[in-house]
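Protein chains in written order, with the working numbering: chain A, 1 to 192; chain C, 1 to 636.
Derived from the structure by calculation, the hints contain no laboratory data.
Fair warning: there could be bad hints in the mix.
To be verified - If you anchor each label on the Cβ, the simulated ranges turn out as follows:
1) C/Thr325 to A/Thr72: 19 to 27 Å
2) C/Ala103 to A/Asp121: 45 to 53 Å
3) A/Glu108 to C/Glu457: 25 to 33 Å
4) A/Gly46 to C/Glu144: 38 to 46 Å
5) A/Val65 to C/Glu585: 46 to 54 Å
To be verified - Under the rule of at most 25 Å between Cα atoms (straight-line distance), these lysine-lysine pairs were calculated in the DSS-like manner:
6) A/Lys44 to C/Lys319
7) A/Lys55 to C/Lys319
8) C/Lys610 to C/Lys621
To be verified - Which residues of chain A face chain C? A partial, calculated answer using Cβ under 8 Å:
9) Ala9
10) Gly158
11) Ile159
Even glycine gets a Cβ: it sits at the ideal position worked out from N, Cα and C.
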Amino acid sequence: MFSVPLPLASGEREEILKIVGDILKNHAANRENLIPILQQVQAKLGYLPGPAMEKIAAASGVPAVDLYGLATFYNQFRLHPPGKHRVNVCMGTACYMAGGRIALDSFERRLKIKEGETTPDRNFSLERVACVGCCTMAPVVVVDDKVEGRVTPTRVDGILLECGASNGAAGEAPAAENTPAGREQAEGAQRS
Amino acid sequence: MTAAAIEAQYAGLQKQAVAKTAVQKSKPLVRVGTATCGVAAGAIPVKEAFEKEIGSRGLDARVVEAGCMGHCYAEPLVVIDKPGFAPLCYGSVDGDLARRLVADFLAGDDPCYEFALAALEPNDVFPTFSEFPRGVCEEKIILERCGFIDPEAIDDYIARDGYAALAKALALPPEEVLAEIKAANLRGRGGAGFPAGVKWEAARGAGDGVKYVICNADEGDPGAFMDRSILESDPHQVIEGMIICAYCVGAAEGWLYIRAEYPRAVERIHTAIRQAREKGLLGQSILGSGFAFDLRVFQGSGAFVCGEETALVSSMEGKMGMPQTRPPFMAQSGFRGRPTVLNNVKTFSYVPHIVSRGADWFKGTGTPGTPGTAVFSLVGKVSHTGLVEVPMGTTLRRLIFDVGEGIPGGKKFKAAQIGGPSGGCLPEAALDVPIDFDSLRQAGAIMGSGGLVVLDEDDCMVAVARFFLEFTRHESCGKCTFCRLGTKHMLDILTEITGGRGNPASLEVLRELAEDVQAGSLCNLGRTAPNPILTTLRYFRDEYDAHIFEGRCPALMCKELIAYYILPKKCSKLCDACVGSCPVEAIFTRADGLKEIDQQKCVKCDNCRKACPPEHDAVVKLSPPSLLSGKEGVPK
Ligand SMILES: Cc1cc2nc3c(=O)[nH]c(=O)nc-3n(C[C@H](O)[C@H](O)[C@H](O)COP(=O)(O)O)c2cc1C
Ligand code: FES
Chain A
1 MFSVPLPLAS GEREEILKIV GDILKNHAAN RENLIPILQQ VQAKLGYLPG PAMEKIAAAS
61 GVPAVDLYGL ATFYNQFRLH PPGKHRVNVC MGTACYMAGG RIALDSFERR LKIKEGETTP
121 DRNFSLERVA CVGCCTMAPV VVVDDKVEGR VTPTRVDGIL LECGASNGAA GEAPAAENTP
181 AGREQAEGAQ RS
Chain C
1 MTAAAIEAQY AGLQKQAVAK TAVQKSKPLV RVGTATCGVA AGAIPVKEAF EKEIGSRGLD
61 ARVVEAGCMG HCYAEPLVVI DKPGFAPLCY GSVDGDLARR LVADFLAGDD PCYEFALAAL
121 EPNDVFPTFS EFPRGVCEEK IILERCGFID PEAIDDYIAR DGYAALAKAL ALPPEEVLAE
181 IKAANLRGRG GAGFPAGVKW EAARGAGDGV KYVICNADEG DPGAFMDRSI LESDPHQVIE
241 GMIICAYCVG AAEGWLYIRA EYPRAVERIH TAIRQAREKG LLGQSILGSG FAFDLRVFQG
301 SGAFVCGEET ALVSSMEGKM GMPQTRPPFM AQSGFRGRPT VLNNVKTFSY VPHIVSRGAD
361 WFKGTGTPGT PGTAVFSLVG KVSHTGLVEV PMGTTLRRLI FDVGEGIPGG KKFKAAQIGG
421 PSGGCLPEAA LDVPIDFDSL RQAGAIMGSG GLVVLDEDDC MVAVARFFLE FTRHESCGKC
481 TFCRLGTKHM LDILTEITGG RGNPASLEVL RELAEDVQAG SLCNLGRTAP NPILTTLRYF
541 RDEYDAHIFE GRCPALMCKE LIAYYILPKK CSKLCDACVG SCPVEAIFTR ADGLKEIDQQ
601 KCVKCDNCRK ACPPEHDAVV KLSPPSLLSG KEGVPK
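The whole structure should be built from the sequences, with the hints applied where relevant.
So this is what it looks like as structure tokens:
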């Protein structure tokens, strides 16, 4: 397996296996159901942890490598836990032209992470999406499933404040590369 | 079962629905547009404000959710339908206006015309949307009900003759229905414009075994959102079209493949399917006809290439979504190796209308080659953004300047980006092209799924081309070498150019690569990926030259080629809005009280320019940055 699993807290593995087991009960573990199963696991857990992938592979008889193939082919799947708050910056045509890049830069600067990464305190993860279908509100940012329109750099600070990042907290947190765990996570969380 | 019995069963359903909606009509009704766009603009708190105010006043009025009316520039939109008044639409509604409307209009009798946008029915007091310049150009077929019915109430749809086309179709032999679709020359609205009837006929002729009908709602084109809007605002229209298609080709199972990023559409389609089953419009023996068909939903997982039909089917089969070579065509061997009809959301949406009103009626709109209407999501630098539906053959000029009411802020039009990543950028001179599949292709763009992004003088065309290449490079599935490596190489060249490191030879390399990628890719993702480059090179060559030879971005957009500067003549000693706005403390107050930017620290985030009060307007962008040297206060 090419992804180094993050160390799981005690009991977390059992919890994961139980949730996956419940999902597998409702679906025949055949090839056609793999994507819906992965979607449901991710909906429950926020990402696709190693033990979950192994269990699905075993249940379906599909080699784990193929399962990882699927999970990395599709943009939606994550192999690492997202932050508590998920910030998705729209980079569709309308948003890009209206300053989506500026909004993304502002988040990167404030959170001190790059797109595709999670802050070391796991409070925020930052991703880009291509059009969420509200192009008339460009530039658009989706924060924890809430769509925000016309996001200026100043609004970026407001959004972070509303999510409970006291202004300094995001800024003062040690940069990801300063802590070994953070570095690993930052690298791992990056999706190509 | 006889035709008459089917019609009778439908008539029963409709009678119930009409009765139910009639009861509701006797009470004042507040409709809040809560499609994704409305919600983003704050429709949910507005709805709550209405409910709370109505509740606390003890009024007898209903508040319901509706879809998108297409006037997205004025979201959140609210329609108030009070007996005795024409239904009135209010734009940009907030909590205060909501409370005021309840107090003055629902409790009192003052419709607050000063806040109304338009009436929805002709009346003597207030103009309707059809009297807007936009209303004159528009002709709504598939968007007609959007925003005017409750997408979560099937009775709303049935009361407006929804599923009447299905009843009519089921009472006829399938060949006859198919002949009507063929005669209408309904061309697929998913991009390529292939006649739907021809596809259906091929699938019909492919034996008697299991067949599938799939609706492509993957809508990957960044900048287009009409499929989302239709699914969120009028889901039954799509379902009805799919059932009719299944009846024509003899399929018993259908799927909707919906994009991951559209959770609200998925929710509403699930509700709609459930309600249709309850009414006997899906499932065994639809409307008692003996014909059985049911629908399921597959949620995409975020891969643009899965919008391509063979990739879409691979993805439904639990594989990586990579396009396959054809033949065999889908009509022979598609999902699970069975004959499959796959059409776009809009294509299916036209079907009930054609069945109800006939092929000749349909051909009365649009151009001879492409009958019917075109749906566009009009976004970017245009005053009235939103969803519009105009007859095929309307010119881009009319669409942008009449329907969209031109460019805001007195800026100059530069280009219309049409067709998304596979499309192109058309300049002012090409605006008189009539919109249809064939004319747009000749101009170098494509109709695509109908995304239309208007660009003005502040938009850099090289950056636009680079944006699309970044997109296609990221979304290329990696199967074909030309697409996988070619898009990467072209992107690298464009990145160099926008970064001011381009060289004169790069344009030639770009053009060659573009031609090779076009020729060497299997699916249209690769084959059309160079279009944004080729059209910008053809129409906006001067911008490439400015970047390469002068290190200048004429639109002042490319970050590495601009510098921010505060004009000492305009800056006010009494104001320090910019200082506070700067996230990196790059702006300082000089000894003379004016503000200045430390170029070393500046990250070009544009905050200060936005923060500077309009009466000063002192922050400007300069390109090339070398213009700075010699400016007052800047060290040489
Ligand atoms: C890369 C790529 C992406 C596509 N994306 C979509 C899409 O998002 N929606 C769509 O309806 N068709 C899309 N298509 C076109 C489909 O392959 C197919 O032609 C279409 O869905 C057929 O439906 P129609 O005949 O009703 O247009 C795409 C094609 C390619 C090559
Ligand atoms: S481009 Fe951002 S929502 Fe469509």
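Checked hints:
The given range of 19 to 27 Å is respected by C/Thr325 and A/Thr72, whose C-beta atoms sit roughly 24 Å from each other. Distance hint check for C/Ala103 and A/Asp121: the Cβ-Cβ separation is about 47 Å, which falls inside the suggested range of 45 to 53 Å. Judged by the Cβ atoms, the range 25 to 33 Å given for A/Glu108 and C/Glu457 holds: they are separated by roughly 28 Å. Checked against the given bound of 38 to 46 Å, the beta carbons of A/Gly46 and C/Glu144, roughly 41 Å apart, stay inside it.
For A/Val65 and C/Glu585, the Cβ-Cβ distance of about 49 Å falls inside the hinted range of 46 to 54 Å, so the restraint holds. With a C-alpha separation of about 22 Å, the suggested pairing of A/Lys44 with C/Lys319 holds against the 25 Å cut-off. For the suggested pair A/Lys55 and C/Lys319, the alpha carbons sit about 18 Å apart, so the restraint of at most 25 Å is met. The suggested pairing of C/Lys610 with C/Lys621 holds, with an alpha-carbon distance near 12 Å, which does not exceed 25 Å.
The criterion of a C-beta within 8 Å of any C-beta in chain C is not met by A/Ala9, whose closest approach is roughly 28 Å, and the hint is violated. With 8 Å as the threshold, the beta carbon of A/Gly158 stays out of range of chain C, its nearest partner Cβ sitting at about 13 Å, so the hint is violated. Of the supplied interface hints, the one on A/Ile159 is violated, with its beta-carbon coming no nearer than about 13 Å to a beta-carbon of chain C, more than 8 Å.
Going through the hint list in order, the structure does not satisfy hints 9, 10 and 11.
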